[in-house]
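Chemist: Residues per chain are reported as follows:
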Amino acid sequence: METMSPLERILRGIALTLVVIFFMFPIVWIFLMSFQTNETILRIPPSVIFTPTLDNYAALITGKLTTAAGTLDIAFMRNLGNSVFLSVASVALALVLGVPAAYAFARHKFRGSEDIAFTLLSFRFAPPLLVLLPLTQYFQWLGLSNTYFGLIWVYQLICLPLILWIVRGYFEDISADVEYAYRIAGHSWFSTFRKIALPLAGPGIAAAGLLAFIFAWNNFVFALVLASADKQPVTVGALAFVTASGIQYGQIAAAIVLSITPTLALALYAQRYLVEGLSLGAVKG
Amino acid sequence: MASVTQPGARTGGFRISKRVLPYVLSLPALLVCIGILIPFFTAVIYSFQRYRLSQPWARQFNWGENYLNFFTDPGFWNTLRISLVYAGVTVGLELLLGLGIALLLQRRTTVNNFISIMLLLPLMTAPALAALMWKLMTNPGFGILSYFASLVGLENFRWASSPDTALLTVVLVDIWVYTPFIMILLLAGLRSLPTQPFEAAALDGVPRTFVFFRITLPMLTPYILTATLFRLLDSIQQFDIIYAMTQGGPGDTLTVFQVEAYLNFFQSTNVGRSAALLIILWAITYILSNVFIKNWLRLRERARGEA
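Protein chains in written order, with the numbering used here: chain L, 613 to 897; chain C, 80 to 386.
Calculated from the structure, these hints are not laboratory results.
Glycine residues also receive a C-beta, built at the ideal position from the N, C-alpha and C atoms.
Heads up, a few of these hints could be off.
Unchecked claim - List time: in silico PhoX-like cross-link candidates among lysine-lysine, alpha-carbon distance up to 25 Å:
1) Lys97(C) - Lys807(L)
2) Lys373(C) - Lys896(L)
3) Lys373(C) - Lys721(L)
4) Lys97(C) - Lys721(L)
5) Lys807(L) - Lys721(L)
What the hints assert, rightly or not - Only some residues are given here: those of chain L computed to face chain C with a beta carbon under 8 Å:
6) Leu619
7) Val640
8) Ile642
9) Leu747
10) Leu769
11) Leu880
12) Gln883
13) Leu886
Given these sequences and hints, build the entire structure.
Modeler: Next up, the structure:
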C-alpha cells in the first residue's frame with residue numbers, strides 16, 4: 613500500500629480519470645445543454661462553444677413556450693411544486709409515524725415487534741406495482757384517486773421503512789442508562805422521550821429524514837400509476853413534457869436540471885450519512 | 080438491548096402501563112402495514128381470476144389458469160429471461176466496477192474523498208430522469224454519444240431504438256446510476272477492515288494478488304454479499320429506467336416483469352395476467368430478500384457493535 617511505482621501511479625490516475633469522466637459527463641453535458649438554443653444543440657459535430665442563454669429556464673418558469681408555431685403552455689413549475697409538497701409532507705408524516713415506533717422497537721422487546729419491523733422492511737423489497745395496481749381500484753372506491761392525501765399515504769411505502777430502520781439504529785446506539793437516570797428523577801416517560809432520547813438521536817433523525825426526502829422525490833412509479841397531470845411530481849412530469857414538447861431539447865435539459873438539483877444538493881449536504889442510510893443502517897460510513 | 084426498568088411512581092399526565100406503551104407507539108406504523116397488506120391480498124385474488132377491465136362482466140375465478148397459461152406463453156418466458164438477464168448483467172458489471180473503483184479510492188486522501196462524494200451524484204439522480212438524460216445523449220440526430228459512436232465507425236448506431244442495442248443502452252444507464260451504490264458500500268467496508276493482517280503481509284513480502292484474494296476479498300465478503308443482494312432485489316424489479324427510456328420496447332425487447340405487468344394492466348387491461356406476473360416476481364424477490372435480510376442483519380449487528 614505504502615509504496616507505489618511510478619507506472620502504477622500513472623495507471624491509477626488514468627483509471628480514476630476515466631471513472632470521473634464516465635460518471636460526471638452526463639450531468640455536465642445536460643447542464644451545458646440547458647443553456648443552449650436548439651440551434652447550437654443540433655450542431656454537428658457537437659461543440660462546447662456557445663453563447664449561453666437563459667431562455668430555456670425563462671420559458672419553464674413563466675410557463676409559456678414561444679415557438680414558431682405559436683405559444684405552448686408548460687405546467688412544469690406545477691410539477692416542481694408537487695414534488696416539493698409530496699416529498700415534504702410524506703417525510704413529515706413518516707417521521708411522526710416512524711420515530712415513536714423506532715423508539716419502541718429499540719427500547720422494548722415486545723410480542724410481535726420484530727414481525728412488524730420486518731414486515732415494514734419487506735415492503736422495501738416487494739414489487740411496488742403489486743400494491744399499486746389493486747390500489748388504483750381501492751382509491752376509486754375511497755375517492756382518493758388523484759389526491760395529495762392518497763399519494764402521501766402511499767409514499768409511506770418508501771419513507772417509513774427507511775425512517776424506522778435507520779432511526780431505530782440511532783436509538784439503539786444511545787445508552788438506556790441516561791434515560792433510566794432521568795426516569796428515576798421522577799420524570800414521565802413522555803418527557804424522557806422528548807428531552808433525552810429525541811435530542812440525542814436528533815442528527816440521525818435529520819439524516820434519515822433527508823434521505824427519505826431524496827427517495828420520495830426520486831420516485832417515479834407511484835405517481836405514474838396514481839396521479840393525473842395536475843398532481844404529478846417532476847419525475848413523471850418531465851417524461852410527459854418530453855412527449856408534449858417533442859423537439860424543445862434545451863427546455864427538456866433545463867427541466868431535468870431543475871428536477872435533479874434539489875436531490876443532488878441535499879445529497880452533498882448529507883453525504884456523511886448516506887452510506888449508513890443507503891444500507892438501511894447495515895454499514896457505517 | 081436493555082429495556083428501561085420502570086420506576087414505580089409516575090408524574091406527568093401520561094399514565095400508560097409498560098406493557099401497552101410499545102404497542103401504542105408502534106400502532107400507526109402497524110396500521111400502515113395493514114393498509115398495505117390489503118391491496119397485496121387483493122392482488123393475490125386477482126391473480127386467480129379471469130379479469131379484464133374491458134370485460135368486467137366476464138370476471139370470475141379461474142383458479143390457477145393464469146399461472147398454468149404461462150407454461151405455454153412465449154411472452155412470459157421472454158419476460159422471465161429478459162428480467163434475469165437484465166438483473167444478472169447489471170449487477171455483475173456493477174459489482175466488478177464498484178469493487179474496482181472502491182479499491183482505487185481506498186486510501187483516505189483529499190482527492191479520493193472528493194471523488195467518492197462526486198460519484199454519489201448519479202446515485203441521487205432519479206432513475207427516470209437519468210434515463211431521460213441518456214435519451215438526450217443518445218438521440219440519433221444530435222446526441223453526443225451517437226456522435227462518438229459515429230467517430231469510432233458505428234454510423235447509425237441507434238441505441239435504445241434498435242432491438243439489438245436497446246438492452247445495452249438501458250444496462251448502461253443502470254450502471255451509471257447504481258455502480259456508485261456498490262462502490263460506496265464496499266468502500267466503507269474496505270476502510271473498516273482491521274489493518275493488522277495487511278501490515279503483517281506487507282512485512283512478510285506477500286505478493287499483492289495473494290493479499291487481495293486471500294485476505295481482502297474474504298474479509299470483504301459480507302459487504303459484497305449485502306450490496307449484491309440489495310442490488311439484485313432492485314434490479315430484477317427495474318421499472319423506472321426501462322419505462323422512461325423505451326416503455327418496454329422496441330417490440331417486446333425489454334418487457335421485464337414490472338413493465339410487462341404495467342402494460343398488461345393499463346394497455347391490454349388483462350388484470351389477471353398482470354397480477355399473476357407480479358405474484359411470480361414477488362415470490363422471486365421474497366426468496367432473495369430472506370437471504371438478503373440474514374446477511375444484512377449480520378452486518379448491521381457488526382456495525383452496531385463498533386458503535
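Chemist: Mind checking the CB of leucine 880(L) against every CB in chain C and telling me if the closest is under 8 Å?
Modeler: 7 Å, holds
Chemist: Quick check on the hint: leucine 747(L) CB to chain C CB, less than 8 Å?
Modeler: 5 Å, holds
Chemist: How about leucine 769(L): closest beta carbon in chain C under 8 Å, or not?
Modeler: With a closest approach of 6 Å, the leucine 769(L) hint holds.
Chemist: Taken at face value, is the distance from the CA of lysine 721(L) to the CA of lysine 373(C) at most 25 Å?
Modeler: 19 Å, holds
Chemist: Between the alpha carbons of lysine 97(C) and lysine 807(L), is the straight-line distance 25 Å or under?
Modeler: 19 Å, holds
Chemist: Starting from lysine 97(C), check that the Cα of lysine 721(L) is at most 25 Å away, please.
Modeler: 11 Å, holds
Chemist: Less than 8 Å between beta-carbons is the criterion; does leucine 619(L) satisfy it with respect to chain C?
Modeler: Constraint on leucine 619(L) not satisfied, violated at 14 Å.
Chemist: Does lysine 807(L) pair with lysine 721(L) here, judged by a C-alpha cut-off of 25 Å?
Modeler: Roughly 22 Å between the alpha carbons, so the hint for lysine 807(L) and lysine 721(L) holds.
Chemist: Hinted pair, alpha-carbon criterion (25 Å max): lysine 373(C), lysine 896(L). Please report holds or violated.
Modeler: Holds, at about 18 Å.
Chemist: Hint glutamine 883(L) vs chain C: min CB-CB distance below 8 Å?
Modeler: Since chain C brings a Cβ to about 5 Å from glutamine 883(L), closer than 8 Å, the hint holds.
Chemist: Can isoleucine 642(L) be said to touch chain C, with a Cβ gap under 8 Å?
Modeler: 5 Å, holds
Chemist: How about leucine 886(L): closest beta carbon in chain C under 8 Å, or not?
Modeler: 6 Å, holds
Comparing the model with each earlier hint shows violations of hints 6 and 7; every other hint is respected.
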